[in-house]
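Visitor: Chain by chain, the residues:
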Amino acid sequence: MLQSIRSLRQDIAYAVATRGGVYWPLAGRTLERLEQLIVRPVRLNIFGEANTGKSSLVNFLLRQTVIPAGDFASQGTFLRICHAKETVLSSIAADGTRNRLTSKALSRISEPEILLPSDGEALNGKLTHDGRVLELGVPHEFLRRVEIIEARNYPEVRSSRALAQVFRPADMTIWCTLATQAWKETERTVWSHIPLAQRKNAFLFVTYRDAIRNRKDEAKIIARLKNDGEHAFADVLMVSVRDAHEAKLARESEQDAAMAERLHKRSNAEAIEEAVSSAVTFAQLQKLRKSASVLKRVASIVRKADANHFMGPGQHIAQKLERVAGETLLIVDRAETR
Amino acid sequence: MSAQEHRFASLSENSITSRLGDVKARVLELGERLEGQLHGRAAGALNSLLDDLKAHSCRVAVIGQMKAGKSTLINALMQRPGMLPTDVNPSTAVITKLHFGAPPEKANTALFQFFSEEEWDRIMSGGRANAMSTDRQLTYKPDRLAKPLEELQRRAEQRLGSDYTENLGKHHLLSSVTTGTLERYVSAGDYVSEDEPDDDTRFFSDITKTADVFLEGQPLGYPAVIIDTPGVNDPFLVREEITHGYLGEADVYLVVLTAQQPLSQSDLALLRMLKGLQKDRIIMVVNRIDLADGLAEQSDKITAHIQATLKREFPHADIPVILASAYWANSALSGDEEELADALTPSLAAYADKLAKLGENPFGRPAADWSTEQVEQMLYQISGIPALISAVERLIGHSVTAERLLPVSSTLGAVADNTVIALRYGTRSLENASSSGAPDEETWFRANALKNLQKLELVSSRIEADMEITRTDLARMTREELDRLRKHVDHAISEFAKSEENTLIQLGSYAPMKDGFQQRSSQFRSQLAEDFYKYFTELAKQLQSRQQKSEAILRQSVKDALPDLDDVLHFGVQGAELPAPSIVPLSKLTALDTDVFWQHRIAARVDTTDPAEASQFQNAIVSIYAELIDELFSLAQETLNQHAKEALRRLQFLSYSAIYPIAQQLQRWVEIHKLMKRDKRGGSFCGQLLATSRDQLHGCVELADNAANLRQQCLQMMET
Chain A
375 MLQSIRSLRQ
385 DIAYAVATRG
395 GVYWPLAGRT
405 LERLEQLIVR
415 PVRLNIFGEA
425 NTGKSSLVNF
435 LLRQTVIPAG
445 DFASQGTFLR
455 ICHAKETVLS
465 SIAADGTRNR
475 LTSKALSRIS
485 EPEILLPSDG
495 EALNGKLTHD
505 GRVLELGVPH
515 EFLRRVEIIE
525 ARNYPEVRSS
535 RALAQVFRPA
545 DMTIWCTLAT
555 QAWKETERTV
565 WSHIPLAQRK
575 NAFLFVTYRD
585 AIRNRKDEAK
595 IIARLKNDGE
605 HAFADVLMVS
615 VRDAHEAKLA
625 RESEQDAAMA
635 ERLHKRSNAE
645 AIEEAVSSAV
655 TFAQLQKLRK
665 SASVLKRVAS
675 IVRKADANHF
685 MGPGQHIAQK
695 LERVAGETLL
705 IVDRAETR
Chain B
135 MSAQEHRFAS
145 LSENSITSRL
155 GDVKARVLEL
165 GERLEGQLHG
175 RAAGALNSLL
185 DDLKAHSCRV
195 AVIGQMKAGK
205 STLINALMQR
215 PGMLPTDVNP
225 STAVITKLHF
235 GAPPEKANTA
245 LFQFFSEEEW
255 DRIMSGGRAN
265 AMSTDRQLTY
275 KPDRLAKPLE
285 ELQRRAEQRL
295 GSDYTENLGK
305 HHLLSSVTTG
315 TLERYVSAGD
325 YVSEDEPDDD
335 TRFFSDITKT
345 ADVFLEGQPL
355 GYPAVIIDTP
365 GVNDPFLVRE
375 EITHGYLGEA
385 DVYLVVLTAQ
395 QPLSQSDLAL
405 LRMLKGLQKD
415 RIIMVVNRID
425 LADGLAEQSD
435 KITAHIQATL
445 KREFPHADIP
455 VILASAYWAN
465 SALSGDEEEL
475 ADALTPSLAA
485 YADKLAKLGE
495 NPFGRPAADW
505 STEQVEQMLY
515 QISGIPALIS
525 AVERLIGHSV
535 TAERLLPVSS
545 TLGAVADNTV
555 IALRYGTRSL
565 ENASSSGAPD
575 EETWFRANAL
585 KNLQKLELVS
595 SRIEADMEIT
605 RTDLARMTRE
615 ELDRLRKHVD
625 HAISEFAKSE
635 ENTLIQLGSY
645 APMKDGFQQR
655 SSQFRSQLAE
665 DFYKYFTELA
675 KQLQSRQQKS
685 EAILRQSVKD
695 ALPDLDDVLH
705 FGVQGAELPA
715 PSIVPLSKLT
725 ALDTDVFWQH
735 RIAARVDTTD
745 PAEASQFQNA
755 IVSIYAELID
765 ELFSLAQETL
775 NQHAKEALRR
785 LQFLSYSAIY
795 PIAQQLQRWV
805 EIHKLMKRDK
815 RGGSFCGQLL
825 ATSRDQLHGC
835 VELADNAANL
845 RQQCLQMMET
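These protein sequence lines are chains A and B, in that order.
Position 76 of the first sequence, counting from 1, maps to 450 under the numbering used here, and the rest follow consecutively.
Position 367 of the second sequence, counting from 1, maps to 501 under the numbering used here, and the rest follow consecutively.
In case anyone wonders, no lab produced these hints; they're calculated from the structure.
The structure presented is a predicted model; accordingly, all values stated were derived computationally and were not measured.
Do not rely on the hints blindly, as some may be mistaken.
Stated by the list, open to error - Straight-line distance between alpha carbons at most 27 Å, and here's what the computed DSS-like set of lysine-lysine pairs gives:
#1 B/Lys281 to A/Lys594
#2 B/Lys435 to B/Lys488
#3 B/Lys281 to A/Lys600
#4 A/Lys622 to A/Lys639
#5 A/Lys661 to A/Lys678
#6 B/Lys281 to A/Lys574
#7 B/Lys343 to A/Lys594
#8 B/Lys621 to B/Lys585
#9 B/Lys343 to B/Lys281
Isolated chain A, as found in the complex (with noise of 0.2 Å):
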């Protein structure tokens, strides 16, 4: 689809240089900009409040230990984790410029007193940045489809500046919600304070299955979270997010094998890995379905540019966008019917 998107483009752009007007430059820009979606990833919200397994997560589905978890990590800052060649951990100020950080100061990444910089404050001399918003990249194939923004909330995030701009629309979240305190009125309204569009395709992790005690526990809990239906999850799951990550560790490095089996059932990884990856195609083909709008409403942008030459390439063209929309259309109602 980006290669037919590729030679639209061109064709557009010979539009352009030749006939100019206002269309042809709309049509271009717009065919632009779909080309940046397609190739974006999908964005991967993980939210929750302090603890609740949210760094767990990402080292499980990075199969990395990328975020050491700590125990007090820290509050109202924003990680953003992105595909890159090499490790590298940069802070993004407020104004968007960037600064990489040493090798050190990853290492001390869940630290809470370097993470807290208080309104750009120096703190004790040790590190700073400026921005609430820290960038990790990571050479991993996963995200390459997806790129991850943890999040750790507290009431005040919401009217944050910073937060406006990371949180771009999200494509799917994940909400971590501790086992033992689960669904609290604080993590309650926050959500409700999330865009509604970015709570359609979002899943509630019920973190830390393991201190439930027993399944009986486990079915009342989940109950009690499905029937409170307003807030409108996918599914509520319960997991625990830090055994599924060491079981994977330890299966990969062929260590205790009855241990790593033990801590992966317990773990629901499973469920964990199956939902993240219906999260992800279902956000696949949300940005498909907006792809064949958007090259419908180019089509008829370009109908309208060459309303008045007959002989205009303007037919052409838009037949072409039309068929490329049919197609992508077509994938998405085979893929949905699988």
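Fit chain B to the known structure of chain A by using the hints.
Guide: Here is chain B on its own, set in the frame of chain A:
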């Protein structure tokens, strides 16, 4: 439920509270002996003082976020695992008071009070939040609250039948209580029966307001009421306001956190509400340490993290932080082998080892060859429950001594001193009479006894007059000072509202000023609280000095009437200190700040540049404050009235304590004289009286010494 044997000694032999019980018993004994020396009104007043002390118990409130493990912790604390119902979903729905040290005939009974119709209607109409929105015809409908309310009503109907409202205002008194009964009255429960409910299975918890359960034993070594509360920060919002309403009422607060999220923002919000209370009342309990990773390494960090935050928030308070696992304690108590095996993890062993090295675990690291009992003992020790109990004891010890034992023993001492003075006066008169060798006892009697009785009548009327002046003075001072404070507060609020309105007009809408507004209104509240305390301290000083003035006046009155009295009137070390009034209502605004309704209401109201609309913002601020300030002042008024009543009672009682023994003695003389005249008995009238008077005096001197001793002991206990 029969009293269970306490399996683990949680109180040491000479614990603070058992010493407290000891001193209390001695104070009561002294009081009773002194009462034997007094008659009439003085004895009555002393009696009610002693009854108050006898019935006194300490209130320990357990508060925290939902699912912090409050009920489980209480079960561990009272060594009755499973007594209070617990669940994996938020469970406690009712303020539950567990009374320990009540009269034995009450043991194992329970009283469940249902909401009155008025209270129920108030809850159903959305409580304070909704009342404020309808008052001001705001368009925002708090549907967030509507849903839980509907659910509550639906559940009450389902569980109790459509005529459930007939139960409102009533109470149930049960002669025996089990966990099953408690579940039906205090647990939210998920039980919904398809069958027609009968009386034995009905769930009353939806309409129950408070539960009072009377139990045997004294887990804290002193009569206590342990209060379990519904957790805050529960999306099922209905009960939170009820919990807030109880925040001002306890002597000790256990704030329960969970080790997984030690001291979150919502915990801090709760603590800020307690800020207005007297210091040294709070203990932080970090529960669920059994779930912390690498506890042995983490435990110090957890404590340090919490202490650092507390230091920042409450720089002047010294709040103890206790790491605890109610799960471990209950496993140890239940003795369930399987549970014990589950609990014994490598992480626990490392922690046990660490505590052993610190000298906090005499049992050491668990070994494979340990008996079940050894494991239980060790588990209970490292569960932190014994440490928690001694921390609670320290607070109870201090507050009971300072607020009860010291004032009572000081008053008893003053009574004993005054009685000694009076008796000495009488005895000396008799000595004078017999040594003067008056030829005619009859003459002496007429000259002294009757004349003195008349004098006493005069003193008594002067005391009454003095008291009346004091009463009016105290009332006037209180009124004037509160009026002055009220004016100041009202002015400050209107200035604040005006300045916020200006900011709103400048910025054009509420959204950009929201953060600043919250910050400024929190600063404004601390300023109000500070002013409030400043005024109150000033007023307390004035009232105190007014009482001292009264003491001097009363002393003079007595001296004028009875110039031969060889010592002035005693009033003890000091009267009870004026307790600081609760500023909990002011803290309720903190809750309002983070309250969704309030923000929606403001936003809905004022996203406008129209100055006319903006002025509604000002009005909204003023009227929201007004309600809470009314509450604040009525609490302050109540505190002051109570204080004045007690101060007057004390002044009156102590003044009469010097008069009554004399009157009593004289009356006895008159009676004996009459008897002797009737029987025409001979012998030395004075000689007989002198002997009994000397005995009585001797006894009272001993009581006065005793009282001085006790007072000294109280002071010592407060120092340690």
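Visitor: Decide, hint by hint, whether the structure agrees.
Guide: Hint-by-hint comparison with the structure:
Taking the CA atoms of B/Lys281 and A/Lys594, the gap is about 20 Å. The hint holds against a cut of 27 Å. Taking the CA atoms of B/Lys435 and B/Lys488, the gap is near 14 Å; set against the 27 Å cutoff, the hint holds. Our distance criterion of 27 Å between C-alpha atoms is met by B/Lys281 and A/Lys600, whose separation comes to about 15 Å. Taken as a hint, the A/Lys622 and A/Lys639 pair is honoured in the structure, with Cα atoms around 11 Å apart against an allowance of 27 Å.
At most 27 Å may separate the alpha-carbon atoms for a hinted pair to count; A/Lys661 and A/Lys678 meet this at roughly 26 Å. As the CA atoms of B/Lys281 and A/Lys574 are separated by approximately 22 Å, the hinted pair is consistent with the 27 Å bound. Distance check on the hinted pair: B/Lys343 and A/Lys594 sit about 26 Å apart at the alpha-carbon level, within 27 Å; holds. For the given pair, B/Lys621 sits about 54 Å from B/Lys585 by alpha-carbon distance, which is inconsistent with the 27 Å threshold.
The straight-line distance between the Cα atoms of B/Lys343 and B/Lys281 is roughly 20 Å, inside the 27 Å bound, and the hint therefore holds.
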